[in-house]
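Protein chains in written order, with UniProt numbering: chain A, 1 to 318; chain B, 1 to 318.
In case anyone wonders, no lab produced these hints; they're calculated from the structure.
Please note that a few of the clues may not be correct.
Chain A is faced by these chain B residues, among others (derived, beta-carbon under 10 Å) [what the hints assert, rightly or not]:
{"id": "1", "residue": "M40"}
{"id": "2", "residue": "A41"}
{"id": "3", "residue": "P132"}
{"id": "4", "residue": "R258"}
{"id": "5", "residue": "E270"}
{"id": "6", "residue": "A271"}
{"id": "7", "residue": "A276"}
{"id": "8", "residue": "R278"}
{"id": "9", "residue": "L293"}
{"id": "10", "residue": "A295"}
{"id": "11", "residue": "V297"}
{"id": "12", "residue": "Y305"}
{"id": "13", "residue": "A307"}
{"id": "14", "residue": "A308"}
{"id": "15", "residue": "L315"}
By construction, the Cβ of each residue, glycine as well, lies at the ideal position given by its N, Cα and C atoms.
There are 2 protein chains.
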Amino acid sequence: MARNVDVDDLVERARKGQPRALARLISLVENASPQLRPIMAALNPLAGRARVIGLTGAPGVGKSTSTGALVRAFRDRGLRVGVLAVDPSSPFTGGALLGDRVRMQDHAGDSGVFIRSMASRGHLGGLSWAAPQAIRVLDAAGCDVVLVETVGVGQAEVEIASLADSTIVLVSPGMGDSIQAAKAGILEIADVFVVNKADRDGAQQAVRDLRNMIALAGDVGWKPPIVPTVAVKGEGVDDVIRRLDEHYAWMEESGELRRRRLARVRDEVEAIAVTALRERMGDLHGHQRLDVLAAKVLSGDCDPYSAADELISALTSD
Amino acid sequence: MARNVDVDDLVERARKGQPRALARLISLVENASPQLRPIMAALNPLAGRARVIGLTGAPGVGKSTSTGALVRAFRDRGLRVGVLAVDPSSPFTGGALLGDRVRMQDHAGDSGVFIRSMASRGHLGGLSWAAPQAIRVLDAAGCDVVLVETVGVGQAEVEIASLADSTIVLVSPGMGDSIQAAKAGILEIADVFVVNKADRDGAQQAVRDLRNMIALAGDVGWKPPIVPTVAVKGEGVDDVIRRLDEHYAWMEESGELRRRRLARVRDEVEAIAVTALRERMGDLHGHQRLDVLAAKVLSGDCDPYSAADELISALTSD
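In isolation and in its complexed conformation, chain A is listed as follows:
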C-alpha cells in the first residue's frame, strides 16, 4: 500500500500548501505509516502558529453548514483554513469521502481552503493518536486556522475538545430536551455555545436553558458566551468569530493557551508511546505469548492480572 515517500519533497510541497501533498500526509497519518516519524520531526518546528478550533454538536444541528460559514468568514479575513472532519462513528474512511467531495465544491479552486475527513480508526487511541498529527500537518503547512469538526457523540466530543484551543458546541432549537443539552460533558468542553437555526421556534428557550446551565456552573475563569446563528444564511457568524477572538485573547493572557497546548502534546506523546507498546505486544513473539496467557485465563489456571504482569515483563525484558 505505502510506496516509499520522499519525505523532504513531501514536506516541502506541504509547506507550499499543495493540496495533494497535504492529502498524502494525512493519509500517512490515517494509515499509521512508519514514515510519520521523520515527517513529524520535519514538520514539528514549523507548527504552532495555527489556531485550532473544535466544533461539535449532535447530528442535525448544522455542523457542516456552520463549518462552511466559518470557513467563508475566515477566508474573507484573508486567513488560510484547514478543516478536519473527524467521524468517530466510522472505523472506515470510505463513507466520509463522498461528503468531502460535496463539501469541497463550495470551495473549489480556492487554494486557501483544505478540507479533509478522517476516520477515527478502528482501534483504541485512534483519535488521540491521529488527530494531533493531522492538525500538525495543516498547521505546519501554513493554515492560520484549523477547524476540527466532529459529531458530538460519546467520548469523541470530549476528545475533540482536548485537541482544540477553543471549542464551539453547536445546539439547535428543539434538538432533544434540555436534559440532553445539560449533559455534564458539554458544559465542560464548550468555550463558545452556538445556537444554530436561531430563526426557528424554541431558539430563545435553548438560549435560556444554556444560560441557566452556565450560571449553575459558577465562576470558572471563562464564561462561555451563547451566540445565535442562522448558519445557512451566514447570520451571526461574525459574532461567533468575535467571541472566538475574545476567547483566544483570554487564553493568551491567562496562560490557558499554553496549558491546553501542553496537555495536547502530552496526550499525543503518551498515545504514541502506548501505541508503540501495544505494537510490541502485537509482535509475533508477544502475540503467541498473549495467546498462551489468554488460554490459561480462559481455563481458570491464571487470573487476568497475573497474565497482564507476565505480558508486561515479557515486553520490558525484550
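Given chain A's structure and the hints, the job is docking chain B onto it.
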C-alpha cells in the same frame, strides 16, 4: 472512597448471587479499584459458564424494551440473567443510575435478575478494560445469561461485539435510511438482526434491506438471521432466543465460541497491561518527565516520536 473490602466475604456473597455484593463488585470495577486483582483471581475459576449476549442499536429502536422482553423470556426458561447496560456516551455514572432504578422495577423482587448500568469511563481503554471484568463478576455469580446492552454509536458497538458470544443488532423501520443501516460495521458484528417495531410501516422494507446487505456479504460461515419483533408486546422474542440458541450451537460446533472467548480474554489482558503501563507513565516521576518532554515538543526542540521513545525508556528502565 474505597473502604477496605473483605474479598473472601464479598466473593462468597456474590457467588450466592446477593445483589448488593454484585453491585459492590461492579462498582469496584468501575472505580478501577486495586482490590480487583485478588477479586478477579478468586472469581476467574468460577467463570466461563454464562452465555454473553450483546445487544446494540441506534437510539430509539427499542433497546431497553427488547432487553426487558429477553430477560422475561430467559426467566420463563428458569435461567438467571445479568444485564449490563453500557453507556458509552457518558463518562460519568450519574445519569445511568436513574434508568437502572426504573428498569429494575419490572423485575423487582426477582432474585434471578440483576441489572446494572456502567459508564464506559472517561479514559481510553475504558470499555475494553471494565466490561469483561463486570461480565466475569456476573458469570462467576452464577448468571446463565449475561446481556450486554449498549447504544450503537461509534466505536462502542464494535467493542461490545468483541465482548459478547453472540451479538444482536436491533433496527427499526424508518430509522434513518438504509445507508445508515448498511454501514459496514453493523454487518460485521451482527449474529442476529432484529427488526423491532415490526408492526409499523416499513418493517418489510427494513427486512429486505438487511437481506440484500447480508446477501452481498457472501458466504461467511454464519449467515445472520433476521427476526421481526414487537418487543413491547413480547412478539417474536421466542424466535430471537431460538436463533440465539442456533448461533450458540453453531459456535460450539465450529470452534468459533472458543475463538471469540480467547480473543476477549486477550483483549482484556492487553487492556489491563496497557492500563498498568499508562499508570506508570502517570506516576509523579514519569508525569514530570512527560511535562518536560511536552514542553520540548511544543517549542519545536523535540519531535513527538522521539519524546515517546524517551518516555518508553524511562518507563522500562525504572
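Failing hints, ascending? none
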